[in-house]
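Student: Chain by chain, the residues:
Number of protein chains: 2
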Amino acid sequence: MAKTPNLVVIGTVAIDELSTPFGAQQIVFGGSASYFSYAASFFTKVGVAAVVGQDFPVEYRKVLEEKGIDLSHLVTLPGKTFHWKGKYEADMNSAITLQTDLNVLLDFKPELRYDPIPEFVFLANVDPDLQLKVLDQVHGASLKFVACDTMNFWIQSKRASVEKVLRRVHAVFMNDGEARQLTGEVNLIKAAQAIHNMGPEYVIVKKGEHGALLYSHEGVFVYPAYPLDSVYDPTGAGDSFAGGVMGYLASAKKVNLKIMKTAIGYGTIVASFTVEKFGLDRLREIKRENFDKRLEVLKKICKI
Amino acid sequence: MAKTPNLVVIGTVAIDELSTPFGAQQIVFGGSASYFSYAASFFTKVGVAAVVGQDFPVEYRKVLEEKGIDLSHLVTLPGKTFHWKGKYEADMNSAITLQTDLNVLLDFKPELRYDPIPEFVFLANVDPDLQLKVLDQVHGASLKFVACDTMNFWIQSKRASVEKVLRRVHAVFMNDGEARQLTGEVNLIKAAQAIHNMGPEYVIVKKGEHGALLYSHEGVFVYPAYPLDSVYDPTGAGDSFAGGVMGYLASAKKVNLKIMKTAIGYGTIVASFTVEKFGLDRLREIKRENFDKRLEVLKKICKI
Chain A
1 MAKTPNLVVI GTVAIDELST PFGAQQIVFG GSASYFSYAA SFFTKVGVAA VVGQDFPVEY
61 RKVLEEKGID LSHLVTLPGK TFHWKGKYEA DMNSAITLQT DLNVLLDFKP ELRYDPIPEF
121 VFLANVDPDL QLKVLDQVHG ASLKFVACDT MNFWIQSKRA SVEKVLRRVH AVFMNDGEAR
181 QLTGEVNLIK AAQAIHNMGP EYVIVKKGEH GALLYSHEGV FVYPAYPLDS VYDPTGAGDS
241 FAGGVMGYLA SAKKVNLKIM KTAIGYGTIV ASFTVEKFGL DRLREIKREN FDKRLEVLKK
301 ICKI
Chain B
305 MAKTPNLVVI GTVAIDELST PFGAQQIVFG GSASYFSYAA SFFTKVGVAA VVGQDFPVEY
365 RKVLEEKGID LSHLVTLPGK TFHWKGKYEA DMNSAITLQT DLNVLLDFKP ELRYDPIPEF
425 VFLANVDPDL QLKVLDQVHG ASLKFVACDT MNFWIQSKRA SVEKVLRRVH AVFMNDGEAR
485 QLTGEVNLIK AAQAIHNMGP EYVIVKKGEH GALLYSHEGV FVYPAYPLDS VYDPTGAGDS
545 FAGGVMGYLA SAKKVNLKIM KTAIGYGTIV ASFTVEKFGL DRLREIKREN FDKRLEVLKK
605 ICKI
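Which chain is which? The protein sequence lines are A and B, in order. Just so you know, we're using the working numbering here: the first sequence kicks off at 1 and counts up by one. Just so you know, we're using the working numbering here: the second sequence kicks off at 305 and counts up by one.
Think of the hints as simulated: they come from the structure by calculation, not from any bench. Only a predicted model underlies this, so the values are computations on that prediction, with no experimental measurement involved. A portion of the hints provided could be inaccurate.
What follows is a set of in silico ranges between Cβ atoms, one per label pair, in the way DEER data are often shown [to be verified]:
1) Lys462(B) <-> Asp229(A): 26 to 32 Å
2) Lys607(B) <-> Asn197(A): 46 to 52 Å
3) Lys253(A) <-> Phe457(B): 54 to 60 Å
4) Lys591(B) <-> Asp229(A): 37 to 43 Å
5) Ser398(B) <-> Glu66(A): 45 to 51 Å
6) Glu580(B) <-> Asp101(A): 26 to 32 Å
7) Thr380(B) <-> Lys293(A): 23 to 29 Å
8) Ser398(B) <-> Lys85(A): 44 to 50 Å
9) Lys462(B) <-> Lys254(A): 56 to 62 Å
10) Gly184(A) <-> Glu415(B): 37 to 43 Å
Glycine included, each C-beta is placed from N, C-alpha and C at the ideal position.
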């Protein structure tokens with residue numbers, strides 16, 4: 001069995017098909033676990049628990065392996081890899097899903113065989129009933145911090161399960177629309193507060209180009225996005241944001257409000273690189289130092 | 305003739321009729337120059353150049369006089385005061401105009417009789433041809449800084465005049481939609497840069513609940529809004545934001561990037577109070593110290 005990484009992500013590995021106002025690409029390495037793990041790997045040792053089909057390209061596997069990502073829990077099943085086709089229109093703010101082929105994802109039954117369990121666990125956006133099954137496997141003295149993501153589809157169709165997940169995690173990442181949908185609160189601060197009351201100690205609301213908001217026991221904290229004069233492909237921004245946050249937390253080995261605030265700063269920066277090219281192309285060009293430099297710029301330009 | 309104030313605003317004084325999800329009020333003291341001057345009066349001596357009708361209530365005049373606002377250029381003309389009726393729906397992000405009665409505003413021909421001219425001048429959102437006529441009166445050794453606002457209606461109907469104004473001011477305040485409309489750039493950083501290239505040294509883009517953005521010769525700076533769990537009435541947020549910014553600048557007696565950044569912090573805070581009640585009701589309850597306290601909170605909660 002592989003050595004237990006500091007952080008594991010349970011999510012999707014996908015082959016995407018994208019079009020944006022700047023161009024289209026028919027085959028893009030995607031999926032929440034791919035973006036998350038690649039982002040986190042800059043900060044800590046991370047593993048991926050996901051499923052792919054027999055068509056999954058060897059070179060994509062190498063992309064993750066080059067970053068030392070543990071693929072002992074990347075299962076190959078008969079059939080095709082999860083495929084998502086989407087497009088972005090001029091405002092680049094939200095993806096329009098054109099086609100979703102779940103393929104092998106239909107048979108995804110994540111089983112964490114790490115012993116001990118990783119200290120940090122991230123449940124990316126998958127069926128909340130699946131998230132609950134993973135949570136049943138995630139316990140023991142080693143466990144420090146569990147966070148999750150979700151999406152509008154599950155809030156709509158499986159609200160009770162989403163709420164059960166929220167009662168069992170330390171942190172949740174959600175976008176602004178989802179936070180409003182889940183709580184019925186238009187005001188985002190109230191929405192974040194309501195989610196905080198559902199269980200998670202840290203509620204991180206992603207606002208795309210408008211940055212992020214953290215609701216904690218000490219109240220609300222606000223973060224602008226890194227201002228970019230060119231956003232090429234927003235796919236993976238949220239997952240690599242979460243990967244940056246969780247990767248930094250795992251590297252710190254503990255979580256408190258101060259560490260969380262720095263982590264969100266890094267998440268913001270990682271996402272700002274992700275969107276500069278298709279898929280993981282931009283992240284593959286950069287080094288950890290690039291994050292630190294850009295974070296210093298962000299600190300400077302948002303200082304009042 | 306009245307003593308020249310440090311700052312003068314040329315704009316509207318209005319009687320508004322508002323409804324929001326939290327209630328309706330048939331008679332609210334409004335107008336760009338009212339919000340702007342009231343906000344600025346916390347920081348500096350400010351004058352109002354505007355027009356009202358014979359129905360303008362004495363008690364509204366007193367509201368401004370109590371803050372020491374110079375009303376020597378508040379002209380009363382035969383007829384009724386400018387009247388705006390609007391409503392906000394659940395998301396509170398943009399006003400829906402239900403009725404506009406220009407009334408005496410049709411005969412507004414601002415004439416600045418101050419000698420010398422105030423050091424700081426703000427052209428609130430009025431017909432850009434009127435703004436140009438004021439600019440013709442605004443010169444001399446005393447003059448330090450001129451800023452303007454505008455709106456979608458003028459960008460649509462009098463673009464050439466708006467562009468002429470922009471060539472002649474030091475700073476422009478615009479909301480995100482207007483910046484995109486004026487430049488045809490979806491990306492807000494590119495839009496702000498394009499406006500900067502049209503003339504103004506400082507381009508301040510207002511993003512409502514998402515804060516503000518400053519584009520200057522040193523590039524872009526970003527500001528979150530003060531996070532509020534209850535926004536009661538957004539009317540006047542933009543004008544009181546500009547009033548806070550310009551009031552602080554006028555009190556500093558000069559403008560550089562550092563001073564502008566602090567000024568935008570104060571503008572953000574003033575606007576955060578404005579929206580907590582109808583009209584000027586909330587600003588009338590607070591003191592300058594309240595701004596300082598809330599600015600310290602904002603600095604703390606947006607520090608990465």
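Student: All hints are to be evaluated individually against the structure, with a verdict given for each.
Tutor: So, going through the hints one by one against the coordinates:
no.	hint	verdict
1	Lys462(B) <-> Asp229(A): 26 to 32 Å	holds (28 Å)
2	Lys607(B) <-> Asn197(A): 46 to 52 Å	violated (26 Å)
3	Lys253(A) <-> Phe457(B): 54 to 60 Å	holds (57 Å)
4	Lys591(B) <-> Asp229(A): 37 to 43 Å	holds (40 Å)
5	Ser398(B) <-> Glu66(A): 45 to 51 Å	holds (47 Å)
6	Glu580(B) <-> Asp101(A): 26 to 32 Å	violated (49 Å)
7	Thr380(B) <-> Lys293(A): 23 to 29 Å	violated (59 Å)
8	Ser398(B) <-> Lys85(A): 44 to 50 Å	violated (33 Å)
9	Lys462(B) <-> Lys254(A): 56 to 62 Å	holds (59 Å)
10	Gly184(A) <-> Glu415(B): 37 to 43 Å	violated (53 Å)
In summary, the structure is inconsistent with hints 2, 6, 7, 8, 10 from the numbered list given earlier, while agreeing with the others.
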